[in-house]
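Asker: Here is how the chains run, residue by residue.
Number of protein chains: 2
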Amino acid sequence: MNKEIPYKIYLEEHEMPKEWYNVRADMKNKPAPILNPATLKPVTVEELSPVFCEELARQELDDTTALFEIPKDIRDFYKMYRPSPLVRAYCLEKKLDTPAHIYYKFEGNNTSGSHKLNSAIAQAYYAKQQGLKGVTTETGAGQWGTALSMACSYFDLDCLVYMVKVSYEQKPFRREVMRTYGANVTPSPSMTTEIGKKINEEFPGTTGSLGCAISEAVEAATSREGYRYVLGSVLSQVLLHQSIIGLETKAALDKYDIKADMIIGCAGGGSNLGGLISPFAGEMLRGEADYEIVAVEPASCPSLTRGRYAYDFCDTGKVCPLAKMYTLGSGFMPSANHAGGLRYHGMSSVVSQLYDDGIISARSVGQTEVFEAAQQFAKVEGILPAPESSHAIRVAIDEALKCKETGEAKNIVFGLTGTGYFDMVAYQKFNDGDMSDYIPTDEELERSLSTLPKVE
Amino acid sequence: MNKEIPYKIYLEEHEMPKEWYNVRADMKNKPAPILNPATLKPVTVEELSPVFCEELARQELDDTTALFEIPKDIRDFYKMYRPSPLVRAYCLEKKLDTPAHIYYKFEGNNTSGSHKLNSAIAQAYYAKQQGLKGVTTETGAGQWGTALSMACSYFDLDCLVYMVKVSYEQKPFRREVMRTYGANVTPSPSMTTEIGKKINEEFPGTTGSLGCAISEAVEAATSREGYRYVLGSVLSQVLLHQSIIGLETKAALDKYDIKADMIIGCAGGGSNLGGLISPFAGEMLRGEADYEIVAVEPASCPSLTRGRYAYDFCDTGKVCPLAKMYTLGSGFMPSANHAGGLRYHGMSSVVSQLYDDGIISARSVGQTEVFEAAQQFAKVEGILPAPESSHAIRVAIDEALKCKETGEAKNIVFGLTGTGYFDMVAYQKFNDGDMSDYIPTDEELERSLSTLPKVE
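Protein chains in written order, with numbering that gives the first Met the number 0: chain Z, 0 to 455; chain S, 0 to 455.
Extracted from the complex, chain Z is given alone in its bound form (with noise of 0.2 Å):
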């Protein structure tokens, strides 16, 4: 193999997949079902579609196909910013001295500035094709949501976002991208729904939280005619949504022969680390290939590392239904942790199944070592990573350096999934050497897992 590497690989448009890859079509231990809260028997369609539109409702409990084309219209929005660039971290390398090969595929250049926009826009079309009015779901650092923002802008669909009230006031430039594309934002608890008005009585002043958001953003959906809910990430469709991101990295890889040795991502609801490891995980499931795959999680919220696979609530509210994941409880309440994306306790049960099978492994990094590793990327490599991202960054230059006591010429992989414009107050902590490392003590999470609903 003689062909250089260039700094960026890219796709050409007509090599950008023409179908999602669903990984769960080559698991011979599917995920567990979602169970409905009411009965705690496996939802149906039917029982989805007045939250769901009726083609995700059916994406969703889809574990059998394989692959499922991308409708045109959604094929042309992604050639807006896909195929997006797989890089090679020839800087970083050089910087940390190894002999390892850096690549990261970046998934931060679109104005959501994150991955999110690879399903917001399939979810939209969907409900647009159904004839839906608009749709409503919540966000809490708002990258979910802005990405939601633009493609209901896109199809012309109405956008009600619940943002977590101390995100609402603590990121009101967020706010303002979502009002810039014509989204309908509202601080959560909010006194627009039965919940949030529950929620506000009995917790006052509360600054709200995810699971309490998704909660309001499901009663909205279902009480108002022609809307729907919608997600950004823990959901099946979601991660076959995703699943492009590693569908395109394996496709710049094969372009150069090049055969990956670790894939990274950082793991929060499981929205990028499932698409960006589908088309790998699937290989190693078909017994094809092997990779080490890892999923970084932080300290502060480790379902993976420290949390327990069973059935739980995905929201605070319990309206919405039941999935087996790895959990910290769905009454855990993270620290101030900064890396918003990450603060879910529940985990995608795709990603907890392929882990409990040991397909992937799973870490746990702290988050002053975490923006150590963003700086160190940055002024290296230019992009100023999102905080969620640079969990994967983390660990990726632990294992070059890792390859430089070693000598191995290991090819690591990772997603970038976003950039941090917007994340600033967080780079300032860490600026002025004033971030917080906090993690929950054993006691804390017994406390919160023995909330689990007793299933079975």
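Keep in mind that the hints were calculated from the coordinates and are not lab data.
A portion of the hints provided could be inaccurate.
Put simply, identical chains are the same to the list, so a pair is met inside one copy or across any two.
Said to hold, decoys possible - Using 35 Å as the maximum straight-line C-alpha spacing, the simulated DSBU-like pairs for lysine-lysine come out as follows: (1) 127 with 94; (2) 132 with 7; (3) 94 with 71; (4) 258 with 94; (5) 127 with 401; (6) 403 with 132; (7) 258 with 71; (8) 258 with 29; (9) 29 with 409; (10) 71 with 93; (11) 401 with 132; (12) 428 with 196; (13) 71 with 409.
Put chain S on the given structure of chain Z with help from the hints.
Answerer: Quick look at chain S alone, frame taken from chain Z:
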């Protein structure tokens, strides 16, 4: 020509220009020489060298060499974010229902968020080559300071940024990006320079200005061993470095046999506009082609459309050389216009001369109509544009709508210089219907122009 034009025309890395183009070499009427403020005689390389790096001083005064090789280290850095895409705005065309073909050269795909990095890395490189310890500069909106911080971090140079005090306070996130890249950021006017102390004394409580920050940065450079001053716009060397924008644009158009009819750029100091149009203006100057080139400036700071073509000071402290340019007078204070990068009182002497010779035309646009265009663009093209860039979008949309009237299928090319992530305060004002459209009166301009220095 049957090649289908993709959404994004990417050049391959090996197609990236290896030389910058100096449009002055093809100008029959050369820009007037810059003058030593002490002698009012044209400055020499020797006189400039205490302020600028030597090679940059040479580039500044060279109006005959057409091509300058881009050093390999700079090309390697460029590869992290270049070649930048030339995007066919299919979605905007469809939304406007215009027969025109609209293309934009997107320079916001790097952490500095703008084209400024193209010159920052060049200036940092030459400083490093000369064995300097560091560089000083000023920043207003913060794009240039961010770009320079990144460049200095890459070459391990000290970076002292004087940031206009009002921006330092109102744009803390910009400041933190610079700090993350290791820059030392000081609010200007400060008490760290003589000129800063003097201005603070004369105008207690002042929130600063770009002209004042320039004076402080120059003093900081010249009063320190091993430091030089660098500047992100106006200078001819900056236009030289920025010519890579135009060269890539032309190469991408040529690749698909597209002949531009109009080329539109926003104009503050002229760095983006000059870089974008250089190769096209060169063809016009050599009689090889004809284009309609339009500089777009804010109605609140209309140096081309309402200024005077005369020698003027480049800074408030009058320590910099004098340049002959379209100017509103160095004492001109633009109103609270949020398009921060377009608030400079003067204009690049190259752009000024090309304008005076009729090679380019100019228009001014109001702020509200600029943000309307920005929002319209963002909604369909996905990218949230910087307010500066949105001046060009406004005119591109206006021209595309004219084509709708006439039925012409013009090829309209504009420069999308950057993203608006750090301009959400301005977007918020727009979203709230609270944007100001102040235009200076004739009397104000007369007053400001009456302070022009007497030269000749």
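Asker: If a hint holds in the structure, say so; if it does not, say that too.
Answerer: Now for the hints, and whether the structure bears them out:
{"no.": "1", "hint": "127 with 94", "in the structure": "between (48 Å within a copy, 17 Å between copies)"}
{"no.": "2", "hint": "132 with 7", "in the structure": "between (40 Å within a copy, 31 Å between copies)"}
{"no.": "3", "hint": "94 with 71", "in the structure": "between (42 Å within a copy, 18 Å between copies)"}
{"no.": "4", "hint": "258 with 94", "in the structure": "within (23 Å within a copy, 43 Å between copies)"}
{"no.": "5", "hint": "127 with 401", "in the structure": "between (49 Å within a copy, 32 Å between copies)"}
{"no.": "6", "hint": "403 with 132", "in the structure": "between (56 Å within a copy, 30 Å between copies)"}
{"no.": "7", "hint": "258 with 71", "in the structure": "both (31 Å within a copy, 29 Å between copies)"}
{"no.": "8", "hint": "258 with 29", "in the structure": "within (27 Å within a copy, 55 Å between copies)"}
{"no.": "9", "hint": "29 with 409", "in the structure": "within (31 Å within a copy, 55 Å between copies)"}
{"no.": "10", "hint": "71 with 93", "in the structure": "between (41 Å within a copy, 16 Å between copies)"}
{"no.": "11", "hint": "401 with 132", "in the structure": "between (53 Å within a copy, 33 Å between copies)"}
{"no.": "12", "hint": "428 with 196", "in the structure": "both (34 Å within a copy, 30 Å between copies)"}
{"no.": "13", "hint": "71 with 409", "in the structure": "between (37 Å within a copy, 27 Å between copies)"}
In terms of the numbered hints stated before, the structure departs from none.
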